[in-house]
Amino acid sequence: LDRIETKVLQVNIGLYCNQSCNHCHVESSPQRKEMMNRLTVDRLLNLLENNQTVNTIDITGGAPELNKEFRYLVENIRKLKGFDNMTIIDRCNLTVLYEDGQQDLKEFLAENKCKLICSLPCYSKKNVNRQRGKGVFDKSIQALIDLNSVGFGMNDDRDLEIDLVYNPIGAFLPPPRDELEIDYKRELNELFGIKFNYLHVFNNQPIKRFADFLYRRGELGDYMTLLVNNFNPHSVQDLMCRNTINVSWSGHVFDCDFNQMLEMPPLWNLNNNNNNTKYSVDDELICPHSGPSVFDIDDLNQFNGERISTDVHCYACVAGAGSKCGT
458 LDRIETKVLQ
468 VNIGLYCNQS
478 CNHCHVESSP
488 QRKEMMNRLT
498 VDRLLNLLEN
508 NQTVNTIDIT
518 GGAPELNKEF
528 RYLVENIRKL
538 KGFDNMTIID
548 RCNLTVLYED
558 GQQDLKEFLA
568 ENKCKLICSL
578 PCYSKKNVNR
588 QRGKGVFDKS
598 IQALIDLNSV
608 GFGMNDDRDL
618 EIDLVYNPIG
628 AFLPPPRDEL
638 EIDYKRELNE
648 LFGIKFNYLH
658 VFNNQPIKRF
668 ADFLYRRGEL
678 GDYMTLLVNN
688 FNPHSVQDLM
698 CRNTINVSWS
708 GHVFDCDFNQ
718 MLEMPPLWNL
728 NNNNNNTKYS
738 VDDELICPHS
748 GPSVFDIDDL
758 NQFNGERIST
768 DVHCYACVAG
778 AGSKCGT
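Counting from 1, position 53 in the sequence shown corresponds to residue 510 in my numbering; the numbering is continuous, with no gaps.
Some clues are possibly wrong.
What the hints assert, rightly or not - Listed next, the in silico EDC-like pairs over lysine to aspartate or glutamate satisfying Cα-Cα at most 20 Å (straight line):
{"no.": "1", "residue 1": "LYS572", "residue 2": "GLU532"}
{"no.": "2", "residue 1": "LYS652", "residue 2": "ASP595"}
{"no.": "3", "residue 1": "LYS490", "residue 2": "GLU720"}
Derived from the structure by calculation, the hints contain no laboratory data.
With these hints in hand, go ahead and build the complete structure from the sequences.
Here's what the structure looks like:
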């Protein structure tokens with residue numbers, strides 16, 4: 458599996474989150490302190506300024522909006538690249554709209570024409586609260602109503618896109634996407650008057666919190682067998698790791714967000730990497746990562762053709778219909 462031209466820069470801007478979901482592959486929570494700092498953000502902007510192939514910036518976390526550098530990053534991407542040739546994705550958990558200091562978040566996202574990809578693992582209150590925490594469903598529904606009110610999902614001349622994400626609550630694969638999207642749109646519209654653009658259907662990654670959940674239930678081995686038995690070779694060509702560079706909060710670079718969480722550095726050959734990798738984190742934080750960082754690279758395409766670092770968790774992205782993660 459080899460890298461092709463870089464089209465997506467995925468930035469995990471920090472692990473702090475106002476939620477603590479039991480499927481979260483990055484193990485985010487209100488207790489996490491790891492956050493990208495201004496020096497690393499500026500280095501990303503510098504690399505982006507000198508690149509002509511990246512057309513999507515995918516900002517994730519944690520709850521990315523709660524990083525103090527989030528708005529600085531978004532505003533400066535727009536200054537550098539404008540609105541026509543660059544998509545900015547904000548992976549939003551919806552409830553963040555009601556955190557302190559975020560009262561104007563929906564207007565900020567609309568003004569900067571961010572594409573929202575929002576997790577709503579079911580249109581059932583019981584299932585959402587079971588996976589994401591008590592009270593999350595009601596806040597998520599209100600957030601969707603509020604986002605519709607500023608234009609997201611309304612298919613009008615404001616051209617603001619909001620997609621939802623379904624992922625299973627247990628050790629099984631998702632149902633067919635097209636049929637599930639019809640159900641989502643019908644239920645959310647009839648019950649709440651909510652509109653959205655597209656439903657993404659992801660397989661849960663058997664790592665971190667979800668792997669622990671399966672292990673405690675004695676289902677981890679069966680889930681891995683399910684993924685392997687449902688391997689879909691046709692999904693390999695469009696894997697996001699092939700055209701994406703993933704950046705951690707510390708500035709370290711990876712083939713994908715899942716490899717980042719497993720601390721699997723890329724196999725890229727860095728002639729200038731003498732095992733003295735440079736990175737920038739705030740003094741009180743301990744960085745767990747090794748390998749190259751954004752301070753070691755000069756060009757977001759200098760690794761085209763390099764092998765991608767893989768392991769058994771990769772079966773989750775190529776099982777069934779596959780998981781492109783919305784990019």
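What hint numbers does the structure not satisfy? none
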